[in-house]
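Q: Let the hints inform the model, and build the full structure from the sequences given.
Each chain, letter by letter, is given below.
Number of protein chains: 2
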Amino acid sequence: MFATPAHPLAHISHKNAHRLTSPPHRLNRWAMSAHSEIAAAPSPDQRFGLRRTVRLPGPLKLDGGGLLAPVDIAYETYGALNADGSNAILICHALTGDQFVASDHPVTGKPGWWTRAVGPGKPIDPDRHFVICTNVIGSCLGSSGPASIDPATNLPYAMRFPVITIADMVRAQALLLDHLGVDKLAAVLGGSMGGMQALSWPTIFPDRVRAAIVIASTARHSAQNIAFHEVGRQAIMADPRWRGGDYYADGEAPTAGLAVARMAAHITYLSEAGLTEKFGRRLQGREAKTFGFDADFQIESYLRHQGISFVERFDANSYLYITRATDYFDLAEDHGGSLAHAFARTRARFCLISFDTDWLYPTRESRNIVHALHAAGREATFVELSSPFGHDAFLLDAPEMNRVIDGFLRAGE
Amino acid sequence: MFATPAHPLAHISHKNAHRLTSPPHRLNRWAMSAHSEIAAAPSPDQRFGLRRTVRLPGPLKLDGGGLLAPVDIAYETYGALNADGSNAILICHALTGDQFVASDHPVTGKPGWWTRAVGPGKPIDPDRHFVICTNVIGSCLGSSGPASIDPATNLPYAMRFPVITIADMVRAQALLLDHLGVDKLAAVLGGSMGGMQALSWPTIFPDRVRAAIVIASTARHSAQNIAFHEVGRQAIMADPRWRGGDYYADGEAPTAGLAVARMAAHITYLSEAGLTEKFGRRLQGREAKTFGFDADFQIESYLRHQGISFVERFDANSYLYITRATDYFDLAEDHGGSLAHAFARTRARFCLISFDTDWLYPTRESRNIVHALHAAGREATFVELSSPFGHDAFLLDAPEMNRVIDGFLRAGE
Numbered sequence: 002m003f004a005t006p007a008h009p010l011a012h013i014s015h016k017n018a019h020r021l022t023s024p025p026h027r028l029n030r031w032a033m034s035a036h037s038e039i040a041a042a043p044s045p046d047q048r049f050g051l052r053r054t055v056r057l058p059g060p061l062k063l064d065g066g067g068l069l070a071p072v073d074i075a076y077e078t079y080g081a082l083n084a085d086g087s088n089a090i091l092i093c094h095a096l097t098g099d100q101f102v103a104s105d106h107p108v109t110g111k112p113g114w115w116t117r118a119v120g121p122g123k124p125i126d127p128d129r130h131f132v133i134c135t136n137v138i139g140s141c142l143g144s145s146g147p148a149s150i151d152p153a154t155n156l157p158y159a160m161r162f163p164v165i166t167i168a169d170m171v172r173a174q175a176l177l178l179d180h181l182g183v184d185k186l187a188a189v190l191g192g193s194m195g196g197m198q199a200l201s202w203p204t205i206f207p208d209r210v211r212a213a214i215v216i217a218s219t220a221r222h223s224a225q226n227i228a229f230h231e232v233g234r235q236a237i238m239a240d241p242r243w244r245g246g247d248y249y250a251d252g253e254a255p256t257a258g259l260a261v262a263r264m265a266a267h268i269t270y271l272s273e274a275g276l277t278e279k280f281g282r283r284l285q286g287r288e289a290k291t292f293g294f295d296a297d298f299q300i301e302s303y304l305r306h307q308g309i310s311f312v313e314r315f316d317a318n319s320y321l322y323i324t325r326a327t328d329y330f331d332l333a334e335d336h337g338g339s340l341a342h343a344f345a346r347t348r349a350r351f352c353l354i355s356f357d358t359d360w361l362y363p364t365r366e367s368r369n370i371v372h373a374l375h376a377a378g379r380e381a382t383f384v385e386l387s388s389p390f391g392h393d394a395f396l397l398d399a400p401e402m403n404r405v406i407d408g409f410l411r412a413g414e
Numbered sequence: 002m003f004a005t006p007a008h009p010l011a012h013i014s015h016k017n018a019h020r021l022t023s024p025p026h027r028l029n030r031w032a033m034s035a036h037s038e039i040a041a042a043p044s045p046d047q048r049f050g051l052r053r054t055v056r057l058p059g060p061l062k063l064d065g066g067g068l069l070a071p072v073d074i075a076y077e078t079y080g081a082l083n084a085d086g087s088n089a090i091l092i093c094h095a096l097t098g099d100q101f102v103a104s105d106h107p108v109t110g111k112p113g114w115w116t117r118a119v120g121p122g123k124p125i126d127p128d129r130h131f132v133i134c135t136n137v138i139g140s141c142l143g144s145s146g147p148a149s150i151d152p153a154t155n156l157p158y159a160m161r162f163p164v165i166t167i168a169d170m171v172r173a174q175a176l177l178l179d180h181l182g183v184d185k186l187a188a189v190l191g192g193s194m195g196g197m198q199a200l201s202w203p204t205i206f207p208d209r210v211r212a213a214i215v216i217a218s219t220a221r222h223s224a225q226n227i228a229f230h231e232v233g234r235q236a237i238m239a240d241p242r243w244r245g246g247d248y249y250a251d252g253e254a255p256t257a258g259l260a261v262a263r264m265a266a267h268i269t270y271l272s273e274a275g276l277t278e279k280f281g282r283r284l285q286g287r288e289a290k291t292f293g294f295d296a297d298f299q300i301e302s303y304l305r306h307q308g309i310s311f312v313e314r315f316d317a318n319s320y321l322y323i324t325r326a327t328d329y330f331d332l333a334e335d336h337g338g339s340l341a342h343a344f345a346r347t348r349a350r351f352c353l354i355s356f357d358t359d360w361l362y363p364t365r366e367s368r369n370i371v372h373a374l375h376a377a378g379r380e381a382t383f384v385e386l387s388s389p390f391g392h393d394a395f396l397l398d399a400p401e402m403n404r405v406i407d408g409f410l411r412a413g414e
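Which chain is which? The protein sequence lines are L and F, in order.
Numbering-wise, our numbering puts 392 at position 391 of the first sequence, and it's gapless, one number per residue.
Numbering-wise, our numbering puts 104 at position 103 of the second sequence, and it's gapless, one number per residue.
Honestly, I wouldn't trust all of these hints.
Since the list gives no way to pick one copy over another, a pair counts as held whenever it fits inside one copy or between any two copies.
Computed cross-link-like contacts, SDA-like style, restricted to lysine to any residue with a CA-CA straight-line distance of at most 25 Å [stated by the list, open to error]:
#: 1; residue 1: K279; residue 2: N369
#: 2; residue 1: K111; residue 2: Q307
#: 3; residue 1: K279; residue 2: D331
#: 4; residue 1: K279; residue 2: T269
#: 5; residue 1: K279; residue 2: W360
#: 6; residue 1: K279; residue 2: P363
#: 7; residue 1: K290; residue 2: L96
#: 8; residue 1: K185; residue 2: R211
#: 9; residue 1: K290; residue 2: P60
#: 10; residue 1: K279; residue 2: S302
#: 11; residue 1: K279; residue 2: D335
#: 12; residue 1: K290; residue 2: L63
#: 13; residue 1: K290; residue 2: A333
#: 14; residue 1: K111; residue 2: A153
#: 15; residue 1: K290; residue 2: R161
#: 16; residue 1: K290; residue 2: E401
#: 17; residue 1: K290; residue 2: L68
#: 18; residue 1: K111; residue 2: L63
If you're looking for bench data, these hints aren't it; they were derived computationally from the structure.
A: Following this line, the structure appears as structure tokens:
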């Protein structure tokens, strides 16, 4: 009657783990896509197109004091650079996002994560723009990260990978722009952690970017933001399979800990009202409560699914590194404690977009940025949009956001 | 330089595990206090005083359909029942709280959790009131719970303990009142999960309670509330030491999973503004970021401490059961979907208190209750208090709350 429940996260299927082609290093599934070249459209110049990876010599000097070399960057490009090189747009992805902004994900098979904003007739249009999206360093979709091979040992870096920052991610993107022959961006844009990169770009490379669109983001991680990330990191590190990060050799990754981390984070991406509207207290495929520990409620089932499906596509160590990068993010701190000072040398036009139900990076964070931009005498547009979907709103159907992005981009063309 | 961090939750000290006296069943540390009778003040009637535990025959008929027998109740009493039995006050504790409302905790040695509200000269005053506080069933401080011995097997129940509800907790408290000779409560009160019990009392026993004070609470768990609890449950169940709940035999409890669960929950007890004020982005005992995974930030160190210290005093299986009880709580659902209908038979005066920065059980939840009480024609007072401390405000220095409680209690005396 009171049966002991089996733990639903204990034995996670890895059925999708081998979809990528020809792993060059069979012990390291997360490094696979770094070397796979599937479904690449024919192109006269192999630098451009889908499923691209480039190994740049570096070394990339990191905020933490170390050097990263070589620097692998996995990326997608859509459209073509025009004759005067004035139509390049860099899209920056969020925490666990990837470069597949408008192309199918090689692991999940799902369409790109921002096809609502990127595509023919969309605000970011490959017919007009040369669109670039890179996997950030520290991640696990092909760019250098903890799962990459450390040339010093010929083994995965694991936790020997250097801790990186948002600025390091931006500098790695700049290395790729050099490789692609893009001197100056018409615009850089992104949501969430992508917004942190977009906001940082003009502060690091004032002469290389004409406009920045920062969506559902912040200029610094708050104590609450750090707290949620710390819960996720502790969940991963508490998983005995984590083993100090050295789990690549036997393929026994800390999936249960990573799934718990994702579940905790996922709550912060959704609004309380949105959760109530979507799930409320509705039961999952049953007429009555079971008086047990199965997923009685739809919200439980949904969260478990979010956790389980996440571990199919993401590396636990990368989750540690990228959450650390966002926790370290404080643009003012890097400029003597003054956010206005951070923008003093920038020349870009800025557009800030927030969502009223986003409690991860609430509107007041965007407003802080706008105040600092104005204090620094910069040009800044700011819109708070209404949405029931919380932080995730920028990834969902948001026609108003599209109109704002479109108008802002066209005003600079 | 990039040293692999040791996991801080992996090896938690159990130095406090043996402070209680004479464990009757050496394999089960959580059942200890059920049988210990330490520091009890001399009393003419052994039913009254500190560190009391009573074994009631039951059976207690549970909402889930099962029967619980025997029913152990651990409790504290302060003050004396007056001649006409009109001065009894029942205090209900929160999720991981206990009966030690105004006496030292036997494991941690800390003072009672609500000495700010209970004591000589305080709103709940043993000189005027006969004060009772019981450990809820399902918990681990002496009342029947998963760590208790199942008489059918002479082994701990573990996950064979029946799933219980808030109403079951209330009915167990009523059994204790029978034992104590208390026919009718002058008042029942509690915060958070204690508020759920206080709110339920008049609906289950309309003739046994004259007033109910419901603080920082709700009439039903929202999808977001359930989501946070589900993260905690999954963290525990993902810990390989959990072993389906059967971890009592060797003392190797799933402490790492429980600590992560506590960390996630703890964030919801504090306001974003409070966290920013208390911790902000201040570093912990260092001048600069380490570019590693130590607790660089004070908020990280604080959260880790919360997780680690929690496992010293709480049982992981109890955490599963009590979170389940709160997730199942929906007073309207139990009354045909109408909260007003739930209050139709009640005769008590109600006092609702919320805190403006509480985002776990926000003010609107208290307001919903008041609307339903008014719709049912009941007498209800409602105050929203201002505090920077979020949900935890009711446990902290809150002189305004004390004044409201005092005034409401005196108005009924």
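Q: Up to 25 Å between alpha-carbons, please classify K111 paired with L63: within, between, both or neither.
A: For K111 and L63, the Cα distance exceeds 25 Å both inside one copy (33 Å) and across copies (46 Å).
Q: Evaluate K290 and R161 at a C-alpha cut-off of 25 Å and name the case that applies: within, between, both or neither.
A: between (47 Å within a copy, 17 Å between copies)
Q: Measure nothing new, just compare the shortest in-copy and cross-copy C-alpha distances for K290 and L68 to 25 Å and report within, between, both or neither.
A: between (56 Å within a copy, 17 Å between copies)
Q: When no copy is specified for K290 and A333, does a C-alpha distance of 25 Å or less occur within a copy, between copies, both, or neither?
A: Only across copies: K290 and A333 sit 15 Å apart there, 50 Å inside one copy, limit 25 Å.
Q: When no copy is specified for K290 and L96, does a C-alpha distance of 25 Å or less occur within a copy, between copies, both, or neither?
A: between (36 Å within a copy, 21 Å between copies)
Q: Can you give me the call for K279 and N369, within, between, both or neither, at a CA distance of at most 25 Å?
A: Between copies, since 20 Å is at most 25 Å while 31 Å is not.
Q: Between copies, within a copy, both or neither: which fits K290 and E401 at Cα up to 25 Å?
A: Answer is neither: 41 Å inside a copy and 39 Å across each miss the 25 Å cutoff.
Q: Within, between, both or neither: how does the pair K279, W360 come out at a Cα-Cα threshold of 25 Å?
A: both (17 Å within a copy, 19 Å between copies)
Q: Within a copy, between copies, both or neither: where do K279 and P363 come within 25 Å Cα-Cα?
A: For K279 and P363, the Cα distance is within 25 Å both inside one copy (21 Å) and across copies (19 Å).
Q: Please work out whether the CA atoms of K290 and L63 approach to 25 Å or closer within one copy, between two copies, in both situations, or in neither?
A: between (53 Å within a copy, 14 Å between copies)
Q: Between copies, within a copy, both or neither: which fits K279 and D331 at Cα up to 25 Å?
A: between (34 Å within a copy, 18 Å between copies)
Q: My question is about K290 and P60: at a cut-off of 25 Å on alpha-carbon distance, are they close within one copy, between copies, both, or neither?
A: between (58 Å within a copy, 22 Å between copies)
In the structure shown, a violation is registered for the earlier hints numbered 14, 16, 18, in ascending order.
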